[in-house]
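Build the full structure now, drawing on both the sequences and the hints.
2 protein chains.
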Amino acid sequence: MNTKIAIGIDVGGTNTVFGFVDKEGNCIYESSIPTHSEQNADQLFERLFLNINNDFKKFSNDYKLAGIGIGAPNANYYKGTVELPPNLNWGMVNVIDLVKKYSSLPAAITNDANAAAIGEMIFGAAKGMKDFIVITLGTGLGSGIVVNGELVYGADGFAGEIGHTIVDMNGRECGCGRRGCLETYASASGIRRTVFELIGTTNIPSGLREISFGQLSAKDIADAATRGDQLALKAFDYTAKVLGLKLADAVAHLSPEAIILFGGLANAGDLIFLPTKQYMEEFMLNIFKNKVKLIPSALPGAHAAVLGASALIWNELNKLN
Amino acid sequence: MNTKIAIGIDVGGTNTVFGFVDKEGNCIYESSIPTHSEQNADQLFERLFLNINNDFKKFSNDYKLAGIGIGAPNANYYKGTVELPPNLNWGMVNVIDLVKKYSSLPAAITNDANAAAIGEMIFGAAKGMKDFIVITLGTGLGSGIVVNGELVYGADGFAGEIGHTIVDMNGRECGCGRRGCLETYASASGIRRTVFELIGTTNIPSGLREISFGQLSAKDIADAATRGDQLALKAFDYTAKVLGLKLADAVAHLSPEAIILFGGLANAGDLIFLPTKQYMEEFMLNIFKNKVKLIPSALPGAHAAVLGASALIWNELNKLN
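Quick mapping for you: the protein sequence lines, in order, are chains F and H.
Heads up: the first sequence begins at 3 in the numbering used here, then just goes up one per residue.
Heads up: the second sequence begins at 3 in the numbering used here, then just goes up one per residue.
No incorrect hints appear here.
Now the stretches of chain H that chain F is said to cover, found in silico as 3 or more residues with beta-carbon under 8 Å:
#1 145 to 154
#2 157 to 163
#3 166 to 179
#4 254 to 268
#5 275 to 289
Covered stretches of chain F, going by a simulated chain H footprint (3 or more residues, C-beta under 8 Å):
#6 142 to 151
#7 160 to 167
Since the hints were derived computationally from the structure, they do not count as laboratory data.
On a predicted model such as this, the values are computed, not experimentally measured, just so you know.
Think of the CB as a built atom: it goes at the ideal place given N, C-alpha and C, for glycine as much as any other residue.
Laid out in structure tokens, this is it:
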């Protein structure tokens with residue numbers, strides 16, 4: 003047999019995950035190495051390809067490598083670069099040129115949210131859809147937009163920054179230097195900020211009052227909400243209200259068939275989906291009401307990042323055929 | 003000679019303009035008839051084609067008709083329909099089916115802002131651009147979005163409603179039934195509302211205090227601002243701030259090469275362009291700063307609507323070749 007498989011690579015601040023994925027989205031193998039964010043990109047990719055080449059030996063009788071898809075922060079699909087990623091000591095680097103030192107396979111790179119969007123289109127919840135948006139609710143809020151079956155990169159390759167649309171020009175300080183960005187409200191760190199604002203502004207009793215900001219996780223808030231903690235429930239409601247408002251704005255731009263929520267905070271399930279859907283409908287222009295699905299990712303959680311990254315290159319290879 | 007020309011039709015609440023436009027965007031002839039908004043669509047198109055057929059006789063030796071492009075409120079490109087237009091007594095009507103009663107030429111329909119966007123792409127300021135946004139600043143605020151060289155219609159054909167993104171969920175009442183939509187601030191009627199709010203909330207002296215709301219036009223405000231009227235200047239500044247904020251949001255979604263301002267309020271020139279550009283840059287995420295052009299329409303004002311409508315069908319015919 004010579005089944006073709008793609009290498010999917012997801013570069014994170016702590017670990018870099020890689021795996022082998024066939025055309026149907028089966029993840030044959032997955033592993034990871036520490037990213038060592040203090041190292042430069044070349045040092046990571048040298049270590050990475052040592053591991054990839056070694057691990058592939060077990061599969062080389064049955065499989066043939068077809069290409070490499072990479073998800074990385076601040077990646078530019080057009081240029082093949084990663085530009086000043088906030089959590090990596092990379093500066094400006096052309097990753098696609100770098101990869102050529104280690105492999106002659108076709109390679110493509112984009113950011114993790116765009117990779118997730120292509121992953122959903124090829125293997126997940128957006129199969130058969132031509133117009134949809136993926137929102138990744140992690141530490142920040144990322145987004146990948148698909149229009150007419152193509153990922154929207156925009157004029158410069160950086161489109162899809164819905165996390166940095168502005169909810170309130172006088173609102174919360176954002177890591178980007180501005181104020182009131184959506185991701186300061188609707189993300190794992192955003193809901194933690196909301197809990198602490200509510201602790202300050204209300205007298206609602208809550209077990210969360212005994213936890214420091216440094217110790218509090220979005221999972222803690224979800225667990226408290228599930229137990230009926232009123233402050234945690236109010237934090238989810240507020241998060242959903244802000245997210246619903248800005249998703250209604252995104253719908254007004256793009257009229258997608260569906261919006262797919264992906265990542266840590268999306269795992270809170272009904273706690274986030276039900277109120278977000280309600281507020282999104284409330285804030286949506288009449289002509290769009292009850293048309294746009296709000297659905298969870300259908301990429302299996304354990305392999306989602308690698309599936310997304312591999313989908314990027316499968317999508318490129320499909321275009322060639 | 004048998005030069006091909008397209009019929010461009012722009013249906014407005016008061017008048018319906020039509021004209022003959024060649025492939026290079028030369029408007030050979032233009033005329034108009036009253037729309038009679040109390041009539042149904044069939045009555046309008048019957049009158050319209052009587053005029054078109056009659057007027058075309060003068061040109062039939064030199065020109066051959068190639069197709070019909072129509073711009074109309076609440077038009078759906080996919081379905082060929084116009085759906086419950088606010089200013090016309092049409093209800094739900096399939097205009098493309100209707101046109102077949104009067105002509106066997108290929109025909110297409112979209113709303114006026116989308117027609118303007120295609121007009122700019124084929125004949126105007128967006129020639130050669132693949133990613134841009136057209137904002138029409140008339141009584142309301144319309145928008146047409148182009149991604150990868152294609153107009154964005156979305157899943158249902160109604161994408162591009164940036165005028166109904168929400169600036170402030172507790173803000174001004176909008177004709178759509180919600181509150182705080184962009185077009186209640188950034189449009190000819192929006193700036194009139196701003197003047198009256200400023201008359202109420204400030205003591206700034208102004209000649210505009212002598213004019214009733216019913217009598218005040220956006221042109222009056224521009225003229226006052228040009229004369230140095232401080233209240234009028236403040237109204238332009240506020241309009242620009244709100245518009246700049248939401249254009250920065252649109253850039254975060256789409257990363258366009260340019261945003262083109264079109265229509266009545268855009269004719270105020272530097273009064274609106276300079277502060278809008280300044281606020282847009284201020285509210286924009288770092289990676290987009292100083293990349294996105296803010297430019298005026300390059301469709302000649304007198305024929306812009308007919309050029310946009312004809313561009314729609316020229317674009318369709320170009321796809322076939």
